[in-house]
Structure formats: C-alpha cells, structure tokens
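*Asks:* Both chains come to you apart, so use the hints to assemble them.
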Amino acid sequence: MIAVYKALLRAHIGIGLAYRTRLTVWVLTSLFPLLLMSVWLAVVDEVGPANGWDRSDFISYYAAAALLWHTTTSFLIWTWDSDFRSGDFSFKLLKPLDPFHQYLTQEFGFRTIVIVILVPLLVGITLLVPALHYELDLLGWALTVFAGLTGFLLNVVMAMAFATIAFWTTQAGNIYSLWWGMGAFLSGWVAPLPLMPPIVEATGRWMPFRSSMGFPLELLLGRLDGAEIARSFAVTAGWIGIFLLLYRLSWRRGIHRYQAVGG
Amino acid sequence: MQEPAIKVDELTKHFRVHQREAGLASGVRSFFRRKYADVKAVDGVSFSIQPGEMVGFLGPNGAGKTTTLKCLSGLLHPTSGAASVLGFTPHLRRQEFLRSFTLVMGQRNQLFWDLPAMETFLVNQAIYRIPEKEFRIGLDELVALLELSPYLDKPVRNLSLGERMRAELAAALLHRPRVLFLDEPTLGLDVTAAAAVRRFLTDYNERHQATVLLTSHYMTDVAELTRRVIVIDHGRLRFDGNLTELIDATTPHRIIRITMSEPVDPARLGEFGDVVNTDGVTAVLQVRRNATKETAARMLSELPIEDIAIEEPEIEEVIRRVFAER
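In order, the protein sequences belong to chains A and B. With the numbering used here, the residue at position 3 of the first sequence is 134, and numbering never jumps. With the numbering used here, the residue at position 9 of the second sequence is 419, and numbering never jumps.
To be clear, the hints were calculated from the coordinates, so they are not data collected in a lab. A virtual CB, placed ideally from N, CA and C, is assigned to each residue, including glycine. Be careful, since some hints might not be right.
[Stated by the list, open to error] When the alpha-carbon atoms are kept at most 30 Å apart in a straight line, the in silico BS3-like pairs for lysine-lysine are as follows: (1) A/Lys137 x A/Lys223; (2) B/Lys450 x A/Lys223; (3) B/Lys417 x A/Lys223; (4) B/Lys564 x B/Lys543; (5) A/Lys226 x B/Lys543; (6) B/Lys450 x B/Lys417.
[As the list claims (entries may be wrong)] Sample of chain B residues lacking proximity to chain A, with all beta carbon distances greater than 10 Å (derived): (7) Pro414; (8) Arg546; (9) Ser570; (10) Gln619; (11) Glu655; (12) Pro676; (13) Val691; (14) Thr692.
So here's chain B without its partners, still in its complex pose (with noise of 0.2 Å):
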C-alpha cells in the first residue's frame, strides 16, 4: 500500500467571529460591546488520499470544504487534529511543501490584475527556480492545451472570466505540483469554458499523476473528473466512497424514460412504478432500483414501447438527499 498523498486525521477548525445585527444601533452597540461565536467550521474530518487520485469534495456552502483546503494549503492552523500533505505538515509551511502543490480558487485570482497574464508566469518561474528549459518546454505545454496564445500579451485586467481562469490554471500548474487543491474552478465559465477546463485538469492528471482535491457546486465537474467523492456538512464528514456508491446508498431508485406508439393511461403506468409525468405517450418513471431490470423487461412486453432509456438521478438530486437526511 503506496504512502497516501494527503491524510487528514480528525482534523478541526475553529474561528471566533464577531457577531452583529444590522442597523445602526447594532452597530453602536457592537462598536462598545463585542459579540464573538465560536464557529466550527471543520469538526474532526478524517480522510486520506492516495497519490494520483482525483477525488470531488462536495458539500453545501459553508460545509467547511474551503476551510479543509486551505488547512491542507497551509493557510490555517488547525485547532486541532492532524494533516499531511506529501509527507509535510502543511501549516509548517516548509520551502520544499510549498514548492508541491498549488491552490486555485475560483473566484479568486493571483495573477498581477494590470499586467500581461506572461508576466505573472515570468515572476512564478523565478520563486519556483524552474528553470529556463523546463519552463519554456512547460510554458508551451500550457500554452497550447489551454488556447492561451491569443491572451499572453493582453492585461489581465481584460479578460473574459474564462480566459482568466485558463491563464490562472497556467500559472497556478507552472512548477508541476504534485498535488492540486481546486476550490471551484469552474465558478462563473460558461460550458465551453468549463469543459475546456475539465478536459485540461483530466490531462494534466494522467500526465502527471497529480493528486487532485477538488470542490465544485457543478457536478458535471464532479461526474467526469472524479470517481470518489468526500461529502462533509456543518464540517463533519457525511460521506467517503465511491460516487456510484453514493448514489446507491442515498437513492433507492433509477429513472426509466420511455416513448410508446399511443397513449396508454397514466393509472396503467403507475402499475410499473412511481409517475414522475406522463402527456400519454412519453412518461419519466421512478422504479426501484433492485427492479430496474425486471420492470424495464415487463414494460417492453406488456406496453407499446418504441423508446426506452434508464437512468441515474441527477446527482444535484443526490447531493440533495444527502443533506437532507442531515
């Protein structure tokens, strides 16, 4: 069994937040009187990740998913509980550690707003030393999956969100890390963009054999970059496993979309299962999900079927039923 890339081990992470209640006499209040709340915004999350492994770490705003990353970026110290990144303590924040692994957020961004997206990778490749071979063979390799050619040379202040993100990625992947830590790195690109992006994150991994953490709200991102996902809420874990897994576990049913050659009565099709809609002759039907074959063979004989098509609930619907049964 390989050492694990990252491994999280009860992690917590707790902040002391000032509290107010909008208005100006809560304001005045607050300016003499501080109200403070301990938040837990990471609450004893365990999990490890293997090298090369891409793994979706999912949860609904405020879950604690930045706060994880940016624990595992070294960024924060944990209240308590351990993390190792590669072998590194993260919030030790050693050259070497800092040199592995690089942390893309979304919607921020840390190329110089006023200058040609070229000089941020210029002044990137002289804090990573990379050198000048390596840096033009990287640069290149960049360059050409990402389409970034047209926008070296423009301000970065001038460019679209998705051309933005596509540069960030670029100075963000320069040095090769090892490891990436991707907090919503589609946030914003329209679907070209975003799946320009996952193309990009599925080569550099298979290239590279990178390990990938990543959050996204966007569960195309999810379904296609990754296999397993970390589900955490009120920052304690909820799920770790496969994604099927996930969707065996919180869903108990499958979709069956048929087309029939006449109308057939919707009390007829409830015979099979759950009627999601019918106009008669195209119903959307939830079945049981140990009976989905059973049941689609019973409709091809006993109903006029001339399409039919099963399929898995969408995994927002998912990600929904997980937390509510918080």
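If we strip away everything but chain A, and leave its shape as in the complex, we get (with noise of 0.2 Å):
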C-alpha cells in the first residue's frame, strides 16, 4: 500500500504543480481569513479586547487560520460529484483499489504543495510580525501539527460520507454546501469559538467542525488544558469513526445503484 500512496501522491502533486495561474490563485485565496481578521481587529480597536482576545490574538490566531483552510479543508466532494456525472468514477471502481485512497491521495497532494508554499511563508511572516506569537513547546507544536492531521482527515472521512449520497441523487455537493456552511459558525472560522454565544459554543465543541479549525488554532494559541485537548481528540475519533461507518454502510448500499452514466 506504500508504494501506491507513494505513486498517487506523486502524481497528484504533478496535477496540482500542471497549471501555475490555478495554483497561484488557489494560494490567494488564503487570504481570506485575513479579511474575518479585519473586522476583529476593527471592533478590538473600537472597544477593547473582545472576551480576553486582544489584537495579538486575533492576528495569531487567523494567520494560522489561513494556513489550515488550505491544509484541513477537503474539497473532495466536488471532485467526486465531477467524476460521477461524467463517467471518470467508473475508471476509478475498475481499479483493484478502493475509490477511497484514491480520493484521500488527490487531497493529500493538494495539501502537500500547500504546505511547501505557506508553511515557509507564514514562518517568514511570523519572524517580522511582532504581532504574531506562538509560545508552544515541542509537545504543543507536535499536538497542534497532529490536530490539523486528524482534522484533515475527518474532513475527507465526513466528505467521503456526504459523497455517497451521489448513489441515490447522482449529485451530493450541494447537500454537503449547506451542511459545510451551518460548520463555518461551529468551527471557529466565522469567529473563535469562545466568542461566540455560549450555545453555539457547547455545540460547537462536541460537532465535527471545530476538529479542523477552532481546535488546532486554540491549541496553538495555548489556550487549551490537558482535558480539553483530549476531550477535543477523542471527539475528533469519535466522529471520525462515525462518517467512516456511515461511509462504508452508505456505500454498500449505494453501489448497487450506481448507474455508471457517462459513456
């Protein structure tokens, strides 16, 4: 299985290094934390720290932000609902190899030249910002780094389970748009979690979201204890667990449907 990961991986880094403009602009887009990161720092200038959270924070936290919308976000479904309707998933299920690690090695190679371009960036970005500070110790960096690891793939896992939904509707992005969408309040990429109303916090703390944002940005900020963070690990495998359940039952099922369209 190594030597497939290693040639899917590598493949895929070709396809995402083919295009320079797509890659360019995809990188672009981290901006867009920044902009959330704006408004923050406009109402801490007006009155004070919001709830403890000072400009610093703010900078900290959704610069790091950036980074992980690029490394935890799965935009697998999109792929999965291209290939269904014009046909490429049927060359996918004629190979001895489940769907799955071919889907998770694209994403993996995605995130991999992601990570070579914004992980220097931001260090660089870090040193001349005096703003920016991440006070962890070895521990706290490795857990933030294992976070984005297990959040990442929670991502892929919960996409891999709405993908499903395609057997029966032969198109399943959408439904997974307005499930992603109710996610942007719970995970902390709208705001940090602990500004939020204290309902949508407590909720946001056990649902799937937070796994691949809030989580990793608050235990890089240092603001987590030792409960919460295996608190917050254990609900990443516990909903890890769940999505590759319904994964594996929702395709069982599934397959017998497929209609194997386009050509």
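*Replies:* Below is the structure:
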C-alpha cells in the first residue's frame, strides 16, 4: 500500500503543479481569513479586547487559520460529483483499489503543495510581524500538527460519507455545502468559538467542524488545558469513526444503484 | 470442453430514467413533478465465450452493448440474471477479478490528463502490484508494439486522439489482463491509427491468449479481428454465431463485379441477376448466393468478360438487414 500511496501522491502533486496560475490563485485564497481578521481588529480598536482576546490574539489566530483553511479543508466532494456525472468515477471503480484511497491521495497531494508554499511563508511572516506569537513548546507544536492532521482526515471521511449520497441523487455537493455552511459558524472559522454565544460554543465543541479549525488554532494559541485537548481529540476520533461507518454502510447500499453514466 | 471465460445467463439490466421534454415550462413542471420511465437496456441476454476467443459485439446505438460490458466489468449490478467472468461474479468486485480484466472505452480516457502517460503507467504498476522487472518488460513490449516512445513524456492533453488511444491501450494492458472488454477502441481514429490498434490487438491476443469482447461500429474492426459475432438490439440477443453464417443468414445474395471488352445491353445483363449499376462496360450485379458459381460460369462463356470478381456484401449492409428484420 505504501508504494500505491507514493505513486498516487507523486501523480497528484504533479497535477497540482501543472497550472501555475491555478496554483497561484488557489494560494491567494488564503487571504480570506485575513478579511475576517480585519473585522475583529476593527472591533478591538473600537471597544477593546473581546472576551480576553486582543489584537495579537486575532492576528495570530487568523494567520494560522489561513494555513489551516488550505491544509484541512476537503474539496473531495466536488471532485467526486464531477467524476460521478462525467463517468470518470467508473475508471476509479475498475481499479483494484478502493476509490477512498484514490480520493484521499488526491487530497493529500494538493495539500502537500500548499504546505510547501505556505509554511515557510507563515514562518517568515511570524518572524517579521511582532504581533504574531505562538509560544508553544515542542509537545504543543506536535499536538497542533497532529490536530491539523486528524482534522483533515475527519474532513475527508466526512466528505466521503456525504459523497455517497450521489448514488441516490447523482449529485451530493449542494447537500454538503448546506452542512458545511452550518459548520462555518461552529468550526471557529467565522469567529473563534470562545467568542460565540455559550450555546453555539457548547454545541461547536461536540460537533465535527471544530476539529479542523478551532481546535488546532486554540491549541496553537495555548488556550486549552490537558483535559480539553484530550476531549477534543476524542471528539475528532469519534466523528472519524462515525463517518467512516456511515461511508461504508452507504457505499454498500449505494453501489448497487450506481448507473455508470457518462460513456 | 473448457470452462467459458465469460458466461452470461439471462442477464437483465433495467434503468429508471428521469424524463422531461425540452423547454422552460417542461423544466419547471419536471422540477415539481418528476416523470420516470423504466428502460430495459439489457433484457435477458445469454451467451458464453471460450478462453482466447475474440468476439464482436454488435448492435445499433442504445442496443445495450455498453451496458452489458459494464455489467461484465462489475460497474453495474444486474437487475436479474447472472454473469461470470473467469469464474468471478463481476459485481462483487473481488480484487483478484479486478486485476484480471480491462475495460477500454474509446470515448473515455483513464490517463491523467495533465501529466505524461508514463505517470499513469507508474501508478498502474503500483495499483496492480506489477513487479519492476515484469513492468519494464511489459512496458517495453507495449511501447514497441504501439510505437509510443515519442509520446511518453508529453502531457496527455497534448496528444492527438490516435496517440492518446495507443497510450490508453498501454495503460489498460500493463497488468496483462486475461479478458479485454473493448468498447469502440478505434472510435474517431484515422485509418492508419485504427489499423495500428487492430494489429496490436491481434498480436496481444496471440501472445497472451486473451479473451476479447469487442464492440465497434467500424465493420473493418469486426471483420479483421473476430470470427464470431454476437448481435443485440433493444437489449435482446438477435444473433450469435460465425460472421459468415450471419452473412449467409441475412443476405441471400452475392455481388458479381464485371468489366467487359465492349458495351452490353443492361437488359441482357439482367438475365444473369439484378443489375445494381452499369455503364455498359462495367457492371455490378446481385445474384442468388447458391447460384453464384453457375452464374459466374455462364457470364464467362456468354459475355465478353475481361475481368470478374465475386464479393460478399458489405458487413454494414448485413447488419442493416439484421436490424431491418426486427
């Protein structure tokens, strides 16, 4: 399996690098979280620190969110939808390799490129911008990276589970968008969860969305204690298990309905 | 008697298809109230194919050929009936089964579009677990037979249709499949490229004793590659047998083409058979199949013949007749 992953990753990194403009535009979308940051900075300038979060906290939070947005968000469902309608999905089915691995490596390939471009950029900016500070020990960094990785895996598995709806509806992307849109408020993407109303914050801490955004960011800012870190990892693992199970069950039922359209 | 490589028994595949007429009003109506129709794409088809056989699978558009191939590849679950390929039930999609066949669709592409074809070959090597030595030998063979070396390093999107089809075949055959499902493998290719693909397929079949089920609208493909043909239409089997038997059964005539040393009256030619066309000196006649020899002999003795040729009718004509009879 290592050889398969190696070969597929190499190919997908190659595809990611094939179009320079596409890649540049893609990386530029990292700026979106910085727009949200500017809103919060305006608030802080006007009314002072929000619930203990000052300018430096918001800058550090959203600068890292820019990287996380690219590294943990899964676009898999759009690829799946397109493959489903064009007939390319059939070619994935014909291979003696579960399409899950084919889509996962595709996602990994693109993320690898982004990491290679954005991480040095973020490190450089951190050194140059005094407001950015991540005072973490080695374990803290390791836990943050691990949280990002498990968050990414959860997003992929969640997208795969939703993608199987396409066996019934031919298209699943819009249903996923609805789910993901709701998640934007519960993930820490629109605003850090500790600044949300208590009911939203409490709900968000048990939902799958925070695992790939709010959790690693709060970890990076040193705002979580050991118990909260353990609980958050357990929530992530639980949702990975749930979505993996849903994916498998839905696949088993749905594959009977596959119509292999598009050629 | 060997166990068949492919066995299809009363295979049926029905689809529930959403139907709507063209136009905005119809689109709005359809949004609120869906209409569906059951389409019998394959309707109780049975046949079997022995290992190493190359069989033509013919029928008009929408006859159910591709649906049958998709059922045999495990992409589609049959509505009823059974299919077996190399002893496997295709829709169960066992790993060993997926390693033992290939499906090539002429109008589709499995190569990585933005990368050189070599990248797809390397990915397939890993996925099909082809040992390095075997991969290199197989690749060299395919590159030589398909004359691929100039195109290996070019992104697939920059290849011509013919070049891409050859690369596609190489990608599909690297793992040495024992069964080949070929759906219009020469679609859109020019005469030279199509001939190269046919030569290659014949060679592959001889070298590896692969079983081949081929659909094509190009009768040259069918005539050159296969002896046996299976004809389906509206999802039902219309004919299964030797290509010459099909010709005998559907076209009770042969064509005699003659050139004469001096003009002959068409009415005189009409005594030998149906005159398809004539300019006085050359003529094309249709004669009864069982009277061909005798008629040709009479022509040679009674007409000022310079040249005479007896031909089978075009296979396109044969197929047209099969479907006209339905």
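*Asks:* Does each hint hold? Answer for all of them.
*Replies:* To see whether the hints hold, each was checked on the structure:
Between A/Lys137 and A/Lys223, the direct Cα distance comes to roughly 17 Å. Compliance with the 30 Å bound is thereby established for this hinted pair. Distance check on the hinted pair: B/Lys450 and A/Lys223 sit about 26 Å apart at the alpha-carbon level, within 30 Å; holds. Simply put, B/Lys417 and A/Lys223 have alpha-carbon atoms about 25 Å apart, close enough for the 30 Å limit, and the pair holds. Distance restraint check for B/Lys564 and B/Lys543: the Cα-Cα separation of roughly 24 Å lies within the 30 Å cut-off, and the hinted pair is therefore satisfied.
Pair hint A/Lys226 plus B/Lys543 holds up; C-alpha atoms about 21 Å apart against a cutoff of 30 Å. Distance check on the hinted pair: B/Lys450 and B/Lys417 sit about 20 Å apart at the alpha-carbon level, within 30 Å; holds. Residue placement check: B/Pro414 keeps its beta carbon more than 10 Å from all beta carbons of chain A (closest about 22 Å). Consistency note on B/Arg546: stated as away from chain A, and its beta-carbon is indeed over 10 Å from all of that chain's, at 15 Å minimum.
With a minimum CB-CB distance of about 19 Å to chain A, B/Ser570 clears the 10 Å threshold, and the non-interface call stands. For B/Gln619, the shortest C-beta to C-beta distance to chain A comes to about 22 Å, beyond the 10 Å cut-off, and the non-interface label holds. Chain A leaves B/Glu655 outside its interface by the beta-carbon criterion, the shortest separation being 32 Å against a cut-off of 10 Å. Against the 10 Å criterion, B/Pro676 stays outside the reach of chain A, whose nearest CB is about 49 Å from its own CB.
Every CB of chain A lies more than 10 Å from the CB of B/Val691, the least distance being 50 Å, so the non-interface label holds. Every beta carbon of chain A lies more than 10 Å from that of B/Thr692, the smallest distance being close to 45 Å; the non-interface claim holds.
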